[in-house]
Structure formats: structure tokens, C-alpha cells
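Peer 1: Protein sequences, first through last, are from chains H and A. Quick note on my numbering: the first sequence kicks off at 1 and runs consecutively. Quick note on my numbering: the second sequence kicks off at 113 and runs consecutively.
Fair warning: there could be bad hints in the mix.
Unchecked claim - Straight-line Cα separation of at most 20 Å, EDC-like style, residue types lysine to aspartate or glutamate; simulated pairs:
#1 59(H) with 83(H)
#2 42(H) with 212(A)
#3 104(H) with 215(A)
#4 69(H) with 56(H)
#5 58(H) with 220(A)
#6 69(H) with 55(H)
#7 42(H) with 215(A)
#8 107(H) with 15(H)
#9 59(H) with 15(H)
#10 69(H) with 83(H)
#11 42(H) with 5(H)
#12 104(H) with 5(H)
#13 59(H) with 215(A)
#14 104(H) with 17(H)
#15 125(A) with 164(A)
#16 57(H) with 212(A)
#17 111(H) with 39(H)
#18 42(H) with 70(H)
#19 104(H) with 220(A)
#20 104(H) with 15(H)
#21 107(H) with 212(A)
#22 78(H) with 17(H)
#23 57(H) with 215(A)
As the list claims (entries may be wrong) - FRET-style restraints, in silico, Cβ to Cβ:
#24 14(H) with 152(A): 34 to 44 Å
#25 122(A) with 28(H): 34 to 44 Å
#26 82(H) with 122(A): 39 to 49 Å
#27 152(A) with 79(H): 38 to 48 Å
#28 125(A) with 76(H): 34 to 44 Å
#29 14(H) with 132(A): 42 to 52 Å
#30 130(A) with 27(H): 39 to 49 Å
#31 200(A) with 83(H): 15 to 25 Å
#32 128(A) with 83(H): 22 to 32 Å
Think of the hints as simulated: they come from the structure by calculation, not from any bench. Using N, Cα and C, we set each Cβ at its ideal position, and we do this for glycine too.
Next come the chains, spelled out residue by residue.
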Amino acid sequence: ILNVEQSPQSLHVQEGDSTNFTCSFPSSNFYALHWYRWETAKSPEALFVMTLNGDEKKKGRISATLNTKEGYSYLYIKGSQPEDSATYLCASLGGSQGNLIFGKGTKLSVKP
Amino acid sequence: KAGVTQTPRYLIKTRGQQVTLSCSPISGHRSVSWYQQTPGQGLQFLFEYFSETQRNKGNFPGRFSGRQFSNSRSEMNVSTLELGDSALYLCASSFWGTGDTGELFFGEGSRLTVL
Numbered sequence: 001i002l003n004v005e006q007s008p009q010s011l012h013v014q015e016g017d018s019t020n021f022t023c024s025f026p027s028s029n030f031y032a033l034h035w036y037r038w039e040t041a042k043s044p045e046a047l048f049v050m051t052l053n054g055d056e057k058k059k060g061r062i063s064a065t066l067n068t069k070e071g072y073s074y075l076y077i078k079g080s081q082p083e084d085s086a087t088y089l090c091a092s093l094g095g096s097q098g099n100l101i102f103g104k105g106t107k108l109s110v111k112p
Numbered sequence: 113k114a115g116v117t118q119t120p121r122y123l124i125k126t127r128g129q130q131v132t133l134s135c136s137p138i139s140g141h142r143s144v145s146w147y148q149q150t151p152g153q154g155l156q157f158l159f160e161y162f163s164e165t166q167r168n169k170g171n172f173p174g175r176f177s178g179r180q181f182s183n184s185r186s187e188m189n190v191s192t193l194e195l196g197d198s199a200l201y202l203c204a205s206s207f208w209g210t211g212d213t214g215e216l217f218f219g220e221g222s223r224l225t226v227l
């Protein structure tokens, strides 16, 4: 059974804090790792799709790294802002499956 | 470019009834995948349709079914509703499908409440 685990489940930070979350996935037959941001009452939006070991991607204050050999990815937010408050989902695609397996998400709340 | 549109956004049904949800993908996208989210759970994959063919199916009972039309619009149907079917149902579209490395584009979901 393929499990994708995310930690922490929730996180409360102050505006300006930097933060990071973890996504763990089975490293065998790895194909791709997706990160999505899901704001309340909106639809999930893609942040990154990563495929290569050691890959690092950046979008504004948000960046992500990927370690396919040990099966984890980190998402970093530098200088959190209230508008960063959302649930961050990661999803893994393995070579033996045709669909993404999602983690339960990390819910981030940024206080002004 | 119009996004993914799901209808209806909210609906209430009673046990034993059936429900049909609709998803219109981004123009040009051939893949539509469906997911169920219940409290405390991650998005659970239901099925994927690509060019009118079911390409992949998750671990859900046969009461959950779907189809895709020639214009790539997709519907999912749940028959004989149970209380546990209360959930947010999301659809997502992409050009190459969920087995590729392209990102998914999600709709806002249909929230089903079964009484």
C-alpha cells in the first residue's frame, strides 16, 4: 500500500516567520511529486511538480526540495504572510500506478 | 481561459437516492479525474477518464461510477447513497492525465450531504 505522509498536520506562525513542512513518500518506483496549495473555499492550485532527485524549485517566497532516494520533500515558506494561510497538499506518483496519492495536508495559519 | 467548472456546488440528498455530479475541464484537456475528500482524510482517488475511456480506478464500491463525453466533460454518479458518502467531491483536469508529470487543475468541488 502506498502511503504519503505529511507533517505537521497543522502549524500556526506569526507574520514574518519562516516555516517548512515535510512530505514523505515511498521511494521505490518514484515518478513525480506534486505540491498544491488549497485556500479555504477555493480550489487546490499547483505549486510545483518535481521529478528529479535533488530538484529544487522556487516560486516567490515558496520553495521546495526533493529527495527521491530517501522519499521526502520539504516545502519552505520564507517570511510568511497572512495570505499564505492555506492547506498545503503533497501527492506522489509512483511508476506502478497511474494516479496521484495525496497526503492529508498541512494546514498553515499565519497570524498578522 | 476558463477554469474547471463543477456543478452543482452544494447538494443535499437522502439515503438510498442517487446523485450525478458534473465537471467541465479546461478547454483542450482530455483527462478528468475525480477525488473524494472526507474530514480527516486526504483526497481519495475515485477514477480517471481520458478521451472518453476510464483509464484508472480507485478503491471505491461499484456504486460510484463515471463517464466522459466527447467534449471531455465528465459526470460521476453515486447510486444508493449512504451517510458515509457525504463529502467534498473534486474533479481535476489535465492534458496528458494523472500518470504524467503535468500539474492538475482542480475545480472548486461539489459538496454532497447525505441525510
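Peer 1: Let me make sure I understand: some of the numbered hints might not hold for this structure. Which ones are they, in numerical order?
Peer 2: The structure conflicts with hints 2, 5, 10, 11, 14, 15, 18, 20, 21, 24, 26, 27 and 32, although it agrees with all the remaining ones.
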